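Enquirer: What follows is each chain in one-letter form.
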Amino acid sequence: MCVADSVVEARIDRALVARALLDGDRRAFEQLLRRHQGMVRAQLRRLLHGDHAMADDLAQEAFLLAWRKLDQFRGEARFSTWLYRITYSCFLQACRKKPWPSGHIDDDAVDQLPALPDAVDLQLDLERAMQRLSTAEQTVLLHCVQLGLSQEETAYVLVMPLGTVKTHATRGKAKLKTWLAPWRETADEERTS
Amino acid sequence: MSHQHDDPIDALLQKQFKGSVPDDGFSERLMQRLPPRRHRVAWPLWVGLLAGAGACWLSLLAMPLLHLGWSDLMGGELSASAITLLLAIAGVSLLTCWWTITEADDR
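Chains as they are written, first to last, in our numbering: chain A, 1 to 193; chain B, 194 to 300.
Treat each hint with caution, since some may be false.
Calculated pairs, DSS-like style, for lysine-lysine (alpha carbon to alpha carbon, straight line, at most 25 Å) [unchecked claim]:
| no. | chain 1 | residue 1 | chain 2 | residue 2 |
| --- | --- | --- | --- | --- |
| 1 | A | K177 | A | K166 |
| 2 | A | K177 | B | K208 |
| 3 | B | K211 | A | K177 |
| 4 | A | K97 | A | K69 |
| 5 | B | K211 | A | K175 |
| 6 | A | K166 | B | K208 |
| 7 | B | K208 | A | K175 |
Taking CB as the label site, the calculated pair distances span [stated by the list, open to error]:
| no. | chain 1 | residue 1 | chain 2 | residue 2 | range |
| --- | --- | --- | --- | --- | --- |
| 8 | B | L258 | A | A15 | 20 to 28 Å |
| 9 | A | A53 | B | P237 | 37 to 45 Å |
| 10 | A | L22 | B | P201 | 41 to 49 Å |
| 11 | B | W236 | A | A174 | 55 to 63 Å |
| 12 | B | W291 | A | L124 | 51 to 59 Å |
| 13 | B | M224 | A | K166 | 19 to 27 Å |
| 14 | A | D5 | B | K208 | 15 to 23 Å |
If you want the ones that stay clear, here's a sample from chain A, every Cβ over 12 Å from chain B, calculated [unchecked claim]:
| no. | residue |
| --- | --- |
| 15 | D5 |
| 16 | V7 |
| 17 | V8 |
| 18 | I12 |
| 19 | R78 |
| 20 | L92 |
| 21 | Q93 |
| 22 | K97 |
| 23 | A136 |
| 24 | A155 |
I should point out that these hints are in silico values taken from the structure, not numbers from a laboratory.
Given the structure is predicted, the values throughout are model-derived calculations rather than measurements.
For glycine and all other residues, C-beta sits at the position ideal for the given N, C-alpha and C.
Here chain B stands alone, though its shape is the one from the complex (with noise of 0.2 Å):
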């Protein structure tokens, strides 16, 4: 269907919609009822990620393969653990990505 066609309608239907309602008080009784603002806290998130990092770090302590990987990674030596433990990492980073750009369009 060509623009030309359309216009009567589209000028039909704008004629037909009444537009804009007057105020008449609303703004108001809406203003009166408007709770205080909460501002959102950061610090629960901080404690969480800084709990989160420590647990992970405490558990991960006594394995053998982190401190070998680490040391093979720092050596320059590609050992198994050194690849678990940059394929680990790399999984962890993967993940923050999707969970960061989920959130994104969320909003």
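Chain A with its partners taken away, still in its complex shape (with noise of 0.2 Å):
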């Protein structure tokens, strides 16, 4: 999504929240409602690491939570990283509850996985690769790289001073960088020969 798209989504998001607070319009939220649950699940089922279940559980916890606190939406930064930092605080609320299995997987095992050779199979080198970083690191790419959040935006859902969260998306990206080199040394060696 360009610069101008992403303006014009926010202000949409700002017109909705102002109708959905001036007489408590449903239909306003239904329509905040529509446009980001799909992002906010996607998040919560990769915090999640895939349980589905829990996600949507979660996801309808984040939005009855977000129409409560509606009116503490002031604009200062976009409806959906507001949302984000909201889902973001039911998950970590729900981990203390009931620890999560992180999803981190130990080095040796990951040592011992055969080495595969087409680009499905670097999906799920990538996957294990994912698994092998901290938590921390995980859920700072989820947040920078695939929901498209800046460093900016990610430090305020995941309340972070920023230098944490560009040293974990560093790190992150230079540990897989190490562990899928060998993806690429074969794509150079096939694009030579």
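Assembling the complex is the task here: the two chains are given apart, and the hints tell you how they should meet.
Expert: Put into structure tokens, the structure is as follows:
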């Protein structure tokens, strides 16, 4: 999405929030819900390592909270960013109640995995490599790269200092680059032969 | 690390991300659970403020320091009681500012 589109989207969201606040217009909130539910549920599915049922429960909780707290949205951040922040906070609360498997797998397990040769296998290797990253690195990369937030927005969503976000992003990418280097070498060899 | 080096990793990560989840009735189910909006009523705040100000005024009414300070201030004399009164006003103002800023940050 280009910057102009993003500005227009943010403007539409602000107008819908204003309508929802004015007379408790449920239809305006429904539009906001329909516009953002997909990405919020995608965010939770990644955070919960594919637990779709739990992700949907938490997404419901997050939207109900957003409805209650709508008057606290002042338009300083984009509505989607504000929503991601609420969602992430719901996720953390759920983790406190019931500790979640981090999805982190140990280095030995990964080293024992056979090398696989095509694009689908590259995706599998990437998935495994992602799971080798620390939880903080995975979370930062999810928000910065996959959800398309800026580093400043990621810091706002994760309630983390900007410097820490930058460090996790750089370290995470450097690790992925190292672990996935054999794929790059193979691709280079194929290109030269 | 340069952006050029980051690009393949970014591209891979974006490709791996499955993107937005289809609605499949999620919004409809949630709208059925949506409670009516509760409008925040302002009167308890104003009643509290007025009661606090009234109680403050009543407790200070008997103190000569307040009268002295006020008459000195009005007469343009910077006596000890006038300075005490000014410091108290400045202190309350600073506390109010700090409270307002903290509230704004929490939102």
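Enquirer: Does each hint hold? Answer for all of them.
Expert: Status of each hint after checking the structure:
no.	hint	verdict
1	K177(A) to K166(A)	16 Å, holds
2	K177(A) to K208(B)	16 Å, holds
3	K211(B) to K177(A)	21 Å, holds
4	K97(A) to K69(A)	22 Å, holds
5	K211(B) to K175(A)	22 Å, holds
6	K166(A) to K208(B)	22 Å, holds
7	K208(B) to K175(A)	18 Å, holds
8	L258(B) to A15(A): 20 to 28 Å	55 Å, violated
9	A53(A) to P237(B): 37 to 45 Å	41 Å, holds
10	L22(A) to P201(B): 41 to 49 Å	48 Å, holds
11	W236(B) to A174(A): 55 to 63 Å	58 Å, holds
12	W291(B) to L124(A): 51 to 59 Å	54 Å, holds
13	M224(B) to K166(A): 19 to 27 Å	39 Å, violated
14	D5(A) to K208(B): 15 to 23 Å	21 Å, holds
15	D5	15 Å, holds
16	V7	20 Å, holds
17	V8	18 Å, holds
18	I12	16 Å, holds
19	R78	16 Å, holds
20	L92	17 Å, holds
21	Q93	17 Å, holds
22	K97	20 Å, holds
23	A136	16 Å, holds
24	A155	15 Å, holds
In this structure, the hints that do not hold are numbers 8, 13, in rising order.
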